[in-house]
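A.B. asks: Here are the chains, one letter per residue:
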Amino acid sequence: MDGGVKVVVGAGLSGLSLARELLDRGFQVRVLELRRRVGGISIVDSSVRGLLDKLSDTPVELEKAVVRVGGRTLAVSRSGVEEVVDGVTATGPRVPSPAELGILGDRPSGIYPFHVALDLLVEGLRIGRRVAVYGLNRYSVLLARKLLEEGVREAYIVAPRRGLVEAPGDIKVVEGRIRRVKGSGRLEEVLVGDTVLEVDALVIALFRTWNPFPGFEEVGHAAVEVYDPQAVVETARLLAENISCESSEALKVKVEGEVQVFPRVVRRCLKKILVARPGGGRVIVNGVSVDLGAGYAVVDLGGASSIEISVEPDLLPALKGEAFSCRGDD
Amino acid sequence: MSNYDVVVVGAGVVGLLVAYELSKHGVAVAVVDESLEPGFGVSKGHAGVIHVIQPPFTSLKSVLAIYGNKLYDRLARELGVKLKRLKALIVASSIRQLALLPPVYVILKLLYETRGFKVNVIGGRRLREIEPNVRGYAAIAVDGYAIVDSFNLVYKLFEACKSMGVSFHLGTRVTSLKAVGELVNVETTRGDLRASYAVNAAGLNSDIVASQTGLRVTVSGRRGVMLVFDKLQVSNIVTTLSLLERRGTKGGGVIPTLWGNTIWGPSLASGSSKSDRGVYPEDVLALLEKFGKLVKVKGRLIKAYAGLRPTSGTGDFIIAYSPASSRIVNLIGIESPGLTAAPAIALMVLHMLRRAGLKLGSRRPVSLEGLSTRDKLVLGFNIGGDEGVIVCPCMGVSLADIAAAVRGGARTLDGVMFRTRLAMGSCQGQHCLGRAVIELSRLLGVEPKSLVKSGEGSWMVE
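Chains A and B, in that order, are what the protein sequence lines are. The numbers in numbering that gives the first Met the number 0 rise by one with no breaks, and the one at position 262 of the first sequence is 261. The numbers in numbering that gives the first Met the number 0 rise by one with no breaks, and the one at position 81 of the second sequence is 80.
The set of hints was computed from the structure by calculation and includes no laboratory data. Worth double-checking, as some hints may not be accurate.
[Claimed, not checked] Think about it this way: if two alpha-carbon atoms lie no more than 27 angstroms apart in a straight line, the pair counts; the simulated BS3-like pairs of lysine-lysine are:
(1) A/K145 <-> B/K448
(2) A/K181 <-> B/K448
(3) B/K273 <-> B/K302
This is chain A alone, in the form it adopts within the complex:
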């Protein structure tokens, strides 16, 4: 692939925002998208429709997948294969598998990651009659909403922990973790604590960070676990600034506890960083207490030459996850 061109992998909100920021800064950019549409998971979010429309004049190469094979990263499409050298991962979040979330039992049909439920919805296909959506966050609520609009009879949200958002009245919220699923062919039951939900579809709407391409920087949901489109746009702005920084010298960042800092490498000319923790709460940045509100905050560095971040002490024990249970912040 041509030298000097930044290749953004993924044309969702983060990829398109980053492309726009980089183009504005005079970079040459290509945006590659696996699907036949742009917008990624953000198409579920009407609050960013205007923004996506504005970004849609960015040229995007659709149905072009980036694949990692035999130690090389390749862009593959109907027209052929190219090697991708200078890429940025904007492929969105990874949805954890049932096994990873400690959901055991049978393996029936009807259990879908967030993306699949949305992709089928876009195609006009209904994933079930009675649906449980696992996770209480902006995206899970929006999806449950959409499902009801498209004729799903009942929608539950299963909240593994108290969320930072409220579910609207017509969606029933069940608190607890899913332990087992039952069904010989199609899903029949989901067990939440001692409660049995008789549903025929389960959507996993929890996000994890994920960068499948070694050596690529990452942006948006691929980089931080946030459930807010503004945070996604913010990461694009910060990364563009970081990339366009003349000096490659990086600040020292020291993090204690489960806190995510973006960007991963903070260059010297960057004035701000994004600090995220999915459960919200407070963190201490260079001695100053910062409220993470809905799960993240953009913190002004005020010219500091090193950054120290820690979780406020009383919250630390609650964050210690155990293997094969959900992490504390779900």
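Mind docking chain B on chain A? Use the hints.
C.D. replies: Frame of chain A, contents of chain B only:
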């Protein structure tokens, strides 16, 4: 009514291999299976290991496993199925086990070196060199194990059989199997078949089919659970010395796969059921307890699944003619190491049928379709068209691969996944399943709502 030389009941790896070997000799074969696709029974729930050690050492399964093991390289070459030879490392991870190591080593060396499998002891330092993730004082290394792409094996056998004219009756349950004089009458839920001979390779239901032929046996389903991690943790099969002591299972191990995953298991769950493929917390805890101390965990747990072992009352394979007629051969209790033994079982069945009067023609060569998109990308080929439309980026599966799977007989989503490895990578299908449903319904020419994941009732969309 159709007439065949041989009807095989069961399209698992054993039934397919029997059909494959027979059809190479020009025999007219029909295969009947209740599932919608081949390999959807016992054959879908194991770890794909070709074994060496199988106690008790004088059992039929032990003997057939050794013979079958040696047939695998040729079989894999013939069909173009990936097979990788490696060692099994039986690790002493405590002082007590270390004390047990010398006598076990002597026994294994005596038993297996004469049969062509090298057995060595390796010390702690060497163990750390070859398996940096494994904790242990020393290990017994047994050569001649292998991992095989077992899904691909099933599908290549299926395709080869079809290309040689084998007639498949899938989604069809056998309701009666009887030898009447020179013939065998096979009644099914979709009409009757007539043949000169029959082979019962019905796995979990082989006891039911056998009872129709007058052979009284029982088969129980014993569940084995496996955990899949998305990174390689070992480069050989690793297990602990203590596991050899347990009855009814070799105890499972930490097993590398051909596509960069690691499997822990299978376990041996208590109880018996022919249909419960569930995974329960105690299964997972037992595996974590067993292997958590043996290896350092690398990668994420991406899947937990269970398989069922069809165990006979004797605990050994039962390979026998029906009491009433030697025109029917029963294969009962073909559990682990059934995959290993399968090529040997097929040859044994061929021999038994010939003794019962079946005429075999001379062998015919087999030819099969080519490379997957992923293989081509690895080899650096330039591709385009439908091969360039990647549906599953994690595993590099293209539209052309899905179309090939459908041409090869895939009728369900699992059928496509097992054939192509679609949705089996790190993201477990989040980027591909939506598109796959659309494309599969298009290729099959059916409405998306009539697609199923594996069997009846497992609908995908409303």
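A.B. asks: Which hints, by number, does the structure contradict?
C.D. replies: none
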